[in-house]
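We have chain H; now place chain A onto it with these hints.
Read off the chains here:
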Amino acid sequence: MRFDSALGLEARRGPVAVAVKVLLYSGMVLIFTGPLVALLISAFNETLDPTAFTLWPDSFTFENFVQAGERNVYLYLFNSFVVVGFGLLLQVIVSVFAAYALARKKFRGMSIVMLIMLTTMMLPEEIIAIPLSLVLADLPVLHLDLIGTYAGMILPVGAWGFSILVMTEFMKEVPVELEEAARIDGAGELRTFFTIILPLCRPALGVIGVFGFTMIWDQYLLPLIVAPESGMWTLPIALRSLRSDEEVGIGVVLAASLLALLPSIIAFLAFQRQFMRGLTSGAIKG
Amino acid sequence: MTPTPTRARRRGALIAWAFLAPALLLFLYFKFIPMFTGLTMSFQEIRYIDSQWVGLDNYRTILTDDAFASAIWHSLVLALGTTAGSLVLGLGFALLIEGPARYLWFVRTAAFLPVVTTMAAVAEVWRIMYHPGDTGMLNSILGWVALDPQPFLASEDSSLLSIMGMSIWRGTPYDMMIFLAGLVGVDRTLYEAAAVDGASTWRRLRHITLPALRPVFWILFTLAAIRGLRVFVEVYVLTNGGPNGSSEVLMTLIYKLGFQTGELGIASAGGIVLFAATLLLTVLVQLMRRRQAAS
Chain H
32 MRFDSALGLE ARRGPVAVAV KVLLYSGMVL IFTGPLVALL ISAFNETLDP
82 TAFTLWPDSF TFENFVQAGE RNVYLYLFNS FVVVGFGLLL QVIVSVFAAY
132 ALARKKFRGM SIVMLIMLTT MMLPEEIIAI PLSLVLADLP VLHLDLIGTY
182 AGMILPVGAW GFSILVMTEF MKEVPVELEE AARIDGAGEL RTFFTIILPL
232 CRPALGVIGV FGFTMIWDQY LLPLIVAPES GMWTLPIALR SLRSDEEVGI
282 GVVLAASLLA LLPSIIAFLA FQRQFMRGLT SGAIKG
Chain A
75 MTPTPTRARR RGALIAWAFL APALLLFLYF KFIPMFTGLT MSFQEIRYID
125 SQWVGLDNYR TILTDDAFAS AIWHSLVLAL GTTAGSLVLG LGFALLIEGP
175 ARYLWFVRTA AFLPVVTTMA AVAEVWRIMY HPGDTGMLNS ILGWVALDPQ
225 PFLASEDSSL LSIMGMSIWR GTPYDMMIFL AGLVGVDRTL YEAAAVDGAS
275 TWRRLRHITL PALRPVFWIL FTLAAIRGLR VFVEVYVLTN GGPNGSSEVL
325 MTLIYKLGFQ TGELGIASAG GIVLFAATLL LTVLVQLMRR RQAAS
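Going down the list, the protein sequences come from chains H and A. The first sequence runs contiguously to residue 317 in this note's numbering. The second sequence runs contiguously to residue 369 in this note's numbering.
Excised from the complex, chain H in its bound form (with noise of 0.2 Å):
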C-alpha cells in the first residue's frame, strides 16, 4: 500500500476505479472549462442564438471579429493593453525599490513601513472607489485632473502591498556577502542593486509580474471611474455596454469577451510555475 495522498485514489488500478475516476476527472475537467470552451467556440460561429452557446459549431467564421472592430472593440483592447503595459512596469519598479530597502536595509520606522503595506493590503479598493474619484479629478498639491487620462488608471495601480511583500520576502534570502563583495569592489547603491541584487531576484519577478498583470488586467471600478468617455475604455468596462446597446450583435460581445479572457488566460499558461509559487508563498492576495 502506498501513502502519498490523504484518499490513495493513485493506488487503485482497478476497472471499475479507473473508469470512476475517468469520469470524475473529465467531469471537473469539463465543469471548470466548459463555459470558457463554450465562448471559444461560439465567438468563432456564424449563425448565433442570442440564448445560447454553440458547443458544437455549424460554420466557421471570423465575422463576430470583424464587427467587433467596428464597434471599437479593438480601441478598448488597446487601451487595455496601454494601461496594463505601464501599470505593470510601474509596479514592478516601485516593487522592487522598495522591497530592497525593506529587505536589506535596516533603518528606524521600518516596522511602521510594513504596517502601512499590511493596512492597504486590508483595505478593499472599493470601499475607497467614490473619495478616490475625487482625488483623482483633483490631486491634492499637486492639482492635476486624472479624470479620462491613461495616468488615472496607471497610477493608484502603482503600488501594490503584495507585490512588495513578495519581492521582500526573496530578496532576504540573498546572501549579504555577495552585496559585501560587490562594496568592496567599489560598486556604488544603485549598481550594487542592479547588477547583484536585481538579476538574482529573477524568479520573483516572473512571480510578481504574472500575478500583477493579471490583477491590472482585473481592474473594474477603477476604469469605470477614472474612463466616463468610451474612448477611453478598458476592454472589461466596455463588455457591459456592448451587451446592453440593441444595435450590437451578440456575435460581437462574445468576441470581445473572448478577447478580455484571453490576455491573462495566456499569462497564466506561460507563467504557470511562477503563479503557482505565488499563490503557495504568500496565500494573501488583497
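Since the hints were made in silico from the structure, they are not lab data. Just so it is clear, CB atoms sit at the ideal spot from N, CA and C, and this is done for glycine as well. Incorrect hints may appear among the rest.
As the list claims (entries may be wrong) - Restraint ranges, calculated between C-beta atoms of paired labels, are given here:
hint, chain 1, residue 1, chain 2, residue 2, range
1, A, Gly-207, H, Ile-72, 19 to 27 Å
2, H, Ile-72, A, Ala-228, 20 to 28 Å
3, A, Leu-216, H, Val-51, 19 to 27 Å
4, A, Arg-176, H, Glu-208, 34 to 42 Å
5, A, Gln-360, H, Lys-137, 25 to 33 Å
6, H, Glu-200, A, Arg-364, 21 to 29 Å
7, A, Arg-364, H, Asp-276, 47 to 55 Å
8, H, Lys-203, A, Trp-179, 24 to 32 Å
9, A, Ile-123, H, Gln-98, 44 to 52 Å
10, H, Glu-211, A, Gln-360, 47 to 55 Å
11, A, Ala-158, H, Ala-218, 52 to 60 Å
Coordinates of chain A only, in the frame set by chain H:
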C-alpha cells in the same frame, strides 16, 4: 576616509527612504488620502459648492434605511454562501486530485483557469448560460435530467443564488489549490501508522488530514469572507442589483448612491461601514483561530 558608523547608518536610512519613496507616495495619494477624504465626507452632506457637517446623520440614514438593511443582508448571504461553497468544494476536489501523477497535473491546471479569468468577461459568459428560456445552456442541461427550466437571474427568488453559483465556480479552484499545497505538508508517516492500526480512510481523513489543514482553512475563510463582502463586479454585470433589488449588495448600492444619485456623503458612510465590517470580521476570525490553537 571611511565614514563613522553613525554617519554610515544615517546614510543607509536615507537610501532606504529614497528607495521606499515611490511606493509610499503612491500609497499616500491613492490609498490614504482617499481613505481620509472618505472618512470626512461621511460626516458631511456633500453639495456642489458648500458642503455641510451633519455629524452622524449619514450613518443614521444607513442604519435605518431599508435599502441598506437588505443590501447588507444580501452581502452577508452572498459572502457566506460563496465562502462556504468554495471551501467545501475546494477541499473535496483537492482530496480527489491529490497526487503526483501527470494527468492530475493536467486536471489541476484546467480546473484552475476560472481563477485567472477576467471577472467582467466571465460574468457575460454566465449571463448567457443563465438565460431563463428553455434554450439557455444551463436550462438545456437541466432538461436532460428532466428538470423544469429555471429563471435564474430573472427571478427575485433565485437572482442572488445564481450570482453565488458563478462566484463559487470561480472561487473553488483557488481554494482547491491552496488546500493542495496544504496537503503536501501532511506527515506521510502518520498515514502509514494509521494503516498499521487498521484505521479506515474516513478516520484517517478526520484525524490526520483535516486537522493538518486547519490553518489553511482559516486563512481561506478570512480572505474569502472579506472578498465576499465587498463584491461588486459580479453583481454589477450580472443583475445590477435586480430584479427589484433582490440581489442589491452593499457595493452596488454605494456605487449607485455615489455616482448616479450624487449622495456622496451617504455613499462614503456606507464605505466606512463596509470597512468596519471587514475589519471586525478579520479580528473575529483571528481571535477564534487563536482560541482554537490554544485549546
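Here's how the hints hold up against the structure:
no.: 1; hint: Gly-207(A) to Ile-72(H): 19 to 27 Å; in the structure: holds, 20 Å
no.: 2; hint: Ile-72(H) to Ala-228(A): 20 to 28 Å; in the structure: holds, 25 Å
no.: 3; hint: Leu-216(A) to Val-51(H): 19 to 27 Å; in the structure: holds, 24 Å
no.: 4; hint: Arg-176(A) to Glu-208(H): 34 to 42 Å; in the structure: holds, 40 Å
no.: 5; hint: Gln-360(A) to Lys-137(H): 25 to 33 Å; in the structure: holds, 29 Å
no.: 6; hint: Glu-200(H) to Arg-364(A): 21 to 29 Å; in the structure: holds, 24 Å
no.: 7; hint: Arg-364(A) to Asp-276(H): 47 to 55 Å; in the structure: holds, 53 Å
no.: 8; hint: Lys-203(H) to Trp-179(A): 24 to 32 Å; in the structure: holds, 30 Å
no.: 9; hint: Ile-123(A) to Gln-98(H): 44 to 52 Å; in the structure: holds, 46 Å
no.: 10; hint: Glu-211(H) to Gln-360(A): 47 to 55 Å; in the structure: violated, 40 Å
no.: 11; hint: Ala-158(A) to Ala-218(H): 52 to 60 Å; in the structure: holds, 55 Å
In this structure, the one hint that does not hold is number 10.
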